[in-house]
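First residue of the sequence shown: 24, per my numbering; consecutive thereafter.
Don't take every hint at face value.
Mimicking BS3-like on lysine-lysine, the simulated pairs with C-alpha atoms at most 27 Å apart in a straight line are [stated by the list, open to error]:
| hint | residue 1 | residue 2 |
| --- | --- | --- |
| 1 | Lys260 | Lys226 |
| 2 | Lys97 | Lys108 |
| 3 | Lys97 | Lys128 |
| 4 | Lys153 | Lys70 |
| 5 | Lys252 | Lys230 |
| 6 | Lys128 | Lys108 |
| 7 | Lys235 | Lys193 |
| 8 | Lys232 | Lys197 |
| 9 | Lys70 | Lys128 |
| 10 | Lys197 | Lys226 |
| 11 | Lys260 | Lys197 |
| 12 | Lys271 | Lys252 |
| 13 | Lys271 | Lys232 |
| 14 | Lys260 | Lys271 |
| 15 | Lys70 | Lys108 |
| 16 | Lys193 | Lys153 |
| 17 | Lys253 | Lys232 |
| 18 | Lys108 | Lys153 |
| 19 | Lys252 | Lys232 |
Bear in mind the hints are in silico, worked out from the structure with no lab data behind them. Owing to the predicted nature of the structure, the values given are computational and were not obtained by experimental measurement.
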Amino acid sequence: MRLAILRPVDRLEASVALAEDMGFNTITASPLATVPNDNAITELMFKLLQQNEFDHVVITSSAGVSSVLTLADKYDVDIVDLLNKYQLTAIGPATAEAMLSAGMKVDTIPAEYTSTGVVNLLISEDIIGKSVCLIRSDHGDPILVTGLQDAGAIVLEVPIYRLMVRPDNKHLIKMVQETLSGDVNAFAFSSAMTASTFIEAAKLIGKEKVLKNILNECIVSAIGPPTEKKLNELGIKVDVMPEQATFKAMLEAIRDFSNSQH
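Go ahead and model the full structure; you've got the sequences and the hints to work with.
Okay, structure coming up:
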């Protein structure tokens, strides 16, 4: 089976290795580039962290870890020691691994590796009146902010990095062309933005409708509910979604689904 993997640049190598270890033949592209956000909110976050103004810090991606390290270096902030004074939550295992590799501790990981999972976890820890710093992308699920605020928390949302779409990326265009040629059997979409950018790439070469028709004949996997929702909005059916929102779980779900079709 030839599997299309769409991942950010910093996650691509590990994702391909994992997929190939599981027996997949892969074609890859990075529809998104991550860029650290050096702005007033980031500067405010560092000041408030130094003043012990938070009860809890949540990091929602490995890109968030790398971005906060990059920006802390610019501001001459010892961010690892600073964050380790707080209760730290990672949204899932990949983020936790990045945090631990950087020397950060990880106090909690939600049972469900999603924004809703984080909300449910913090609610269970009695978040009323507590201040929470959310270190995330500029395209994060709004439920993380509204859910915590509705539960009585005081929230500072810090979009520590932004996602830049690259629909004209040559590897992405090549993936579209190989899909149109019938050379791809399955697709692993790891975010709503990767899904929409893939379709945008097809639109650039005038093949959006044809691509969607082909996708609906292939195995399409969404890593979690927001990605599934975006694919459905684009007119693409989702065949596979893992119980846990991790890339490994998605690969296992694709493999199991494929085996069940034979």
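ask   = Where does the structure disagree with the numbered hints, that is, which hint numbers, in rising order?
value = Going through the list in order, the structure violates hints 13, 16 and respects the others.
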